[in-house]
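A.B. asks: Just so we're aligned, residue 31 is where the sequence shown starts under the numbering used here, counting upward by one.
A hint or two may mislead.
[Stated by the list, open to error] The calculated lysine to aspartate or glutamate pairs, modelled on DMTMM-like cross-linking and capped at a C-alpha distance of 20 Å, are:
1) Lys106 <-> Glu32
2) Lys106 <-> Asp96
3) Lys105 <-> Glu149
4) Lys106 <-> Glu149
5) Lys105 <-> Glu155
Worth flagging that the hints you see were computed from the coordinates, not collected in a lab.
A quick note: this is a predicted structure, and the numbers were derived from the prediction, not measured.
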Amino acid sequence: MEVVGWILVIACFIISFVGLVYPIIPGVLFLLGGFLVYGLFFSFAELSWLFWASEIIFVVILFVADSVANAFGIKKFGGSTAGMWGSTIGLLIGPFVIPVLGIIVGPFLGAVIAELMVERRTFGEAIKSGVGSLVGFLTSTLAKAVIQIVMIVVFFIAI
């Protein structure tokens, strides 16, 4: 059973990183699920209240980093709220329409289309917003990956 427990924990951790690429997968929930699976298969005794408090703080930081990086990228490049919404919609739809490149093309096109259709921006301004969306998304993904790695390191230190 010990091997099964570790396989499930590691699978949860891997799926959490897949969630960075396919945002429809709630990566942070799989990360927390891995901690819970460990507790169920082995012991919750090693996972102190300090561990859980620090992990919850990291989860909050994850959500803040995601929101701030995306908003900053679009605003920095002159995008609007419509561009942010378009980018988010493109991020959710893109990976399903274009399986590998959709994660990059989706947010870019979503922001560009929203800027053109909703805000009636020029093509150049819309492209600039799309680039900002892409920069924000990539920055956000990198930040979330680093935070998730830190969360896993804290877990292994705790056990």
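A.B. asks: It remains to establish, for every hint, whether it holds in the given structure.
C.D. replies: Cross-check of the supplied hints:
no.	hint	verdict
1	Lys106 <-> Glu32	violated, 49 Å
2	Lys106 <-> Asp96	holds, 15 Å
3	Lys105 <-> Glu149	holds, 14 Å
4	Lys106 <-> Glu149	holds, 17 Å
5	Lys105 <-> Glu155	holds, 12 Å
In the structure shown, a violation is registered for the earlier hint numbered 1 alone.
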